[in-house]
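K.L.:
For reference, the chains in residue letters:
Number of protein chains: 2
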Amino acid sequence: MNETSATISPLAERLVAGDKRALARAITLIESDDPAGWDLVREIFPRTGKARITGFTGPPGVGKSTLIGALTAELRKLDREIAVLSIDPSSPFTQGALLGDRIRLTEHFLDSGVFIRSMASRGALGGLSEAALQAALVMDASGKDDVLIETVGVGQGEIDIVDHADTIVLALMPGSGDSIQALKAGVMEIPDIIVINKADHPMTDTMVREVRGALSLAQTPDDWRVPILRTEAARGEGIAELAVKVAEHREFIEAEGTLAERRARNLRSEVLGIATARLRRRLEAAIKDDPGVAGLLDRVVSRELDPASAAAELLEGEIDD
Amino acid sequence: MNETSATISPLAERLVAGDKRALARAITLIESDDPAGWDLVREIFPRTGKARITGFTGPPGVGKSTLIGALTAELRKLDREIAVLSIDPSSPFTQGALLGDRIRLTEHFLDSGVFIRSMASRGALGGLSEAALQAALVMDASGKDDVLIETVGVGQGEIDIVDHADTIVLALMPGSGDSIQALKAGVMEIPDIIVINKADHPMTDTMVREVRGALSLAQTPDDWRVPILRTEAARGEGIAELAVKVAEHREFIEAEGTLAERRARNLRSEVLGIATARLRRRLEAAIKDDPGVAGLLDRVVSRELDPASAAAELLEGEIDD
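Chains as they are written, first to last, in our numbering: chain A, 1 to 321; chain B, 1 to 321.
Treat the hints as calculated values from the structure; they're not laboratory data. Heads up, some of the hints might be wrong.
Straight-line Cα separation of at most 20 Å, SDA-like style, residue types lysine to any residue; simulated pairs [what the hints assert, rightly or not]: (1) B:K50 / A:S302; (2) B:K288 / A:A264; (3) A:K288 / B:R265; (4) A:K288 / A:N266; (5) A:K50 / B:L305; (6) B:K50 / A:R303; (7) B:K50 / A:D298; (8) B:K288 / A:G61; (9) A:K184 / B:G61; (10) B:K288 / A:K184; (11) A:K288 / B:S269; (12) A:K288 / B:G61; (13) A:K184 / A:R212; (14) A:K245 / A:R76; (15) A:K288 / B:K184; (16) B:K184 / A:R303; (17) A:K288 / B:E261; (18) A:K50 / B:S302; (19) A:K288 / B:N266.
Selected chain A positions facing chain B (Cβ under 8 Å, derived; list incomplete) [unchecked claim]: (20) R42; (21) D178; (22) L267; (23) A275; (24) R303; (25) P307; (26) L314.
Computed footprint of chain A on chain B, listed as stretches where at least three residues anywhere in the stretch have a Cβ under 8 Å from a Cβ of chain A [unchecked claim]: (27) 178-185; (28) 291-301.
Where is the CB? At the ideal position from N, CA and C, for every residue including glycine.
Whole structure, please, built from the sequences with the hints as guidance.
P.N.:
Here it is in structure tokens:
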């Protein structure tokens with residue numbers, strides 16, 4: 001088509017053609033911080049932007065993985081190609097422990113229209129989120145119709161993967177009192193769709209009322225009315241409606257022009273986030289390897305030099321190397 | 001005593017002498033990012049390290065402010081001087097809305113042995129945490145025996161103020177299901193003390209059992225056994241025991257040598273956090289003011305240039321100015 005695609009690498013070519021093994025290989029390169037991974041993302045980036053990106057957030061234990069598994073089954077009925085990316089360290093996807101009633105998720109591993117990948121490591125959250133964003137991009141470029149991202153709703157690293165989503169689904173369950181309080185207090189962002197999973201619980205009606213109360217206090221940025229859905233993901237209940245609402249939200253933001261706005265804002269914050277994470281790693285390396293920097297920190301620990309002055313000295317000495 | 005104290009500024013002198021108005025002024029300087037605030041922290045930093053720093057974290061609505069108010073009253077009985085710093089945007093301290101049963105907190109405003117200050121602004125969390133750390137340092141230098149820091153338990157900015165504490169208290173209440181799940185899943189750090197507030201609730205026993213269960217799964221770094229306390233902060237119930245446990249934990253880490261270790265690690269991460277936050281602000285300024293950078297981001301939005309390559313270009317061009 002143009003010069004760029006004429007010189008595309010064999011791996012990128014296979015990836016954009018939808019080859020599943022090329023996708024797996026690409027993500028491994030990204031995950032291991034191989035320069036070839038970054039080169040690949042550079043090559044395929046012009047092919048991104050087509051997939052519908054849906055982020056699932058919420059406290060551990062509410063059944064986000066089961067919900068994503070059930071939604072995947074639903075979307076497969078419509079013949080949509082799905083990629084799932086989990087960066088929730090407590091997720092059964094991430095832990096590879098697909099046992100008990102979770103076994104149903106593994107059925108998707110045999111479906112060529114579904115690609116599931118998890119990334120997790122506590123501690124290195126900056127680098128992890130950065131890698132996850134790149135992984136979402138290659139999933140998008142590989143021709144998936146939907147990229148479903150699972151993340152735990154606590155903690156905001158330097159880059160929040162959920163910020164990359166077009167539609168954000170908050171999953172709760174009866175008993176998610178802390179999340180309700182966080183919504184009410186304005187400490188938690190208002191999502192696009194709220195799902196009350198495990199809705200066979202007798203307290204579900206109370207929970208729906210509380211969520212509605214929390215939403216009524218919130219300022220929503222646009223005219224989208226946040227739906228509150230009841231699901232029993234383990235039995236597939238309410239999942240068809242979730243699929244409809246995800247599609248409706250996407251259509252809504254597309255029609256309003258907010259999809260383009262959201263993506264522009266997200267891409268800008270991605271650039272800033274990646275740059276900041278790299279700077280931080282550079283500083284961390286300097287702290288480890290440079291005896292001068294180690295000495296600087298020792299002076300802080302002995303209370304000779306205050307942290308802010310030490311930070312200023314660190315920035316002067318270490319950045320323009 | 002030495003050269004440094006001979007040339008100490010009048011404000012620093014008043015601050016270390018325990019002058020309450022000097023402390024208020026110092027924090028205002030820090031909050032408004034006045035260079036005089038940074039100078040002051042530099043001057044007083046050698047006088048820090050004496051106060052007992054206790055961090056209170058937990059979801060909104062569990063009554064952290066009331067708990068801190070009640071603990072303050074308890075510690076005043078022992079004639080300890082107290083400073084309270086709230087950086088929880090949903091806190092009644094922060095909102096200045098000390099109404100209803102919260103009025104009891106205001107009684108401390110009239111007590112010259114108590115200094116209460118809040119800082120809050122959503123969005124600028126990097127800068128806020130940085131300022132909060134400096135505020136905690138001046139509180140410490142002003143001769144307070146206890147610095148009590150209130151923070152909401154969700155979200156981890158670049159610098160987490162709780163990391164500055166010697167003792168971390170997690171406040172929960174019956175119904176804090178999400179936090180229990182987060183503890184169980186290992187997504188939330190294990191605190192030093194857990195308080196179940198609003199313990200007059202009939203579900204308190206269940207809650208205590210669940211917390212105990214979550215703790216039994218966790219790996220604790222040292223031999224400290226995390227106590228689970230029941231309080232009704234609004235009535236002062238269980239607060240004497242909380243005061244005892246805070247003191248015991250402090251003695252424990254002092255005896256084990258982990259206090260020094262903790263503080264050294266915290267100070268190191270503070271330096272890194274401040275440096276990273278400053279770099280991020282520098283980048284943000286470049287993005288706003290530099291037409292070249294704006295053009296770079298436009299190329300990302302139009303999917304010509306991938307985010308990681310844009311970040312690399314940004315770092316090359318903007319850091320060594």
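K.L.:
Taking the hints in turn, state whether each one holds.
P.N.:
Hints versus structure:
| no. | hint | verdict |
| --- | --- | --- |
| 1 | B:K50 / A:S302 | holds (13 Å) |
| 2 | B:K288 / A:A264 | holds (15 Å) |
| 3 | A:K288 / B:R265 | holds (13 Å) |
| 4 | A:K288 / A:N266 | violated (32 Å) |
| 5 | A:K50 / B:L305 | holds (16 Å) |
| 6 | B:K50 / A:R303 | holds (11 Å) |
| 7 | B:K50 / A:D298 | holds (18 Å) |
| 8 | B:K288 / A:G61 | violated (41 Å) |
| 9 | A:K184 / B:G61 | holds (9 Å) |
| 10 | B:K288 / A:K184 | violated (33 Å) |
| 11 | A:K288 / B:S269 | holds (13 Å) |
| 12 | A:K288 / B:G61 | violated (41 Å) |
| 13 | A:K184 / A:R212 | holds (10 Å) |
| 14 | A:K245 / A:R76 | holds (16 Å) |
| 15 | A:K288 / B:K184 | violated (33 Å) |
| 16 | B:K184 / A:R303 | violated (37 Å) |
| 17 | A:K288 / B:E261 | holds (17 Å) |
| 18 | A:K50 / B:S302 | holds (13 Å) |
| 19 | A:K288 / B:N266 | holds (16 Å) |
| 20 | R42 | holds (5 Å) |
| 21 | D178 | holds (4 Å) |
| 22 | L267 | holds (5 Å) |
| 23 | A275 | holds (4 Å) |
| 24 | R303 | holds (5 Å) |
| 25 | P307 | holds (4 Å) |
| 26 | L314 | holds (5 Å) |
| 27 | 178-185 | holds (count 6) |
| 28 | 291-301 | holds (count 4) |
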